[in-house]
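A.B. asks: Build the full structure now, drawing on both the sequences and the hints.
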Amino acid sequence: MSAGQFSFIKLYVADLDPMIAFYTAVFDMAVHIRIDEADFEEVLLRQDGHGFMLGLLDWKSGGNGDERPAAGVIGFVTQDADAAVARAIKAGARIKRAPFNIPGTRVALIDDPEGHEIELVQFL
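Per my numbering, the sequence shown starts with residue 191, numbered consecutively.
It should be emphasised that the hints constitute simulated quantities derived from the structure, not laboratory data.
Any given hint could be a false lead.
[Stated by the list, open to error] Computed list of lysine-lysine pairs in BS3-like fashion (alpha-carbon distance at most 25 angstroms, straight line):
id, residue 1, residue 2
1, 286, 200
2, 280, 200
3, 250, 286
C.D. replies: So, in structure tokens, the structure goes:
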């Protein structure tokens with residue numbers, strides 16, 4: 191028996207509302223739950239029909255980089271990597287690496303408005 195189901199990944203953000211706007215605009219996510227506590231505010235975003243969630247947490251104290259754990263890449267599978275990049279750029283993303291092909295796959299790397307790396311994958 192599993193100790194639990196892999197359900198979410200969480201990003202620490204500096205400005206919650208613009209980050210919610212970015213992920214809802216680019217990846218058609220919606221706010222599943224919003225938590226407002228004395229020390230932090232957090233949202234869990236989810237796409238329709240998917241249980242996996244993206245958490246965005248804003249420490250009200252502001253915090254600093256030393257208080258944040260190491261980060262990795264967030265991956266999204268898309269039907270059209272080029273269109274996904276264009277949509278992300280329009281919402282404030284920056285291109286790290288324009289779409290390119292490797293055998294059986296088209297890949298692009300972008301940064302969200304706060305610099306979190308996103309990998310867009312289109313299986314060919």
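A.B. asks: Now tell me, hint by hint, if it's right for this structure.
C.D. replies: Outcome of the hint check:
Restraint check: the Cα-Cα separation between residue 286 and residue 200 comes to about 21 angstroms, which is no more than 25 angstroms; the hinted pair holds. For the hint linking residue 280 to residue 200, the alpha-carbon distance of about 24 angstroms falls within 25 angstroms, and the restraint holds. Between residue 250 and residue 286, the direct Cα distance comes to roughly 29 angstroms. Violation of the 25 angstroms bound is thereby established for this hinted pair.
The earlier numbered hint that this structure contradicts is number 3, and it is the only one.
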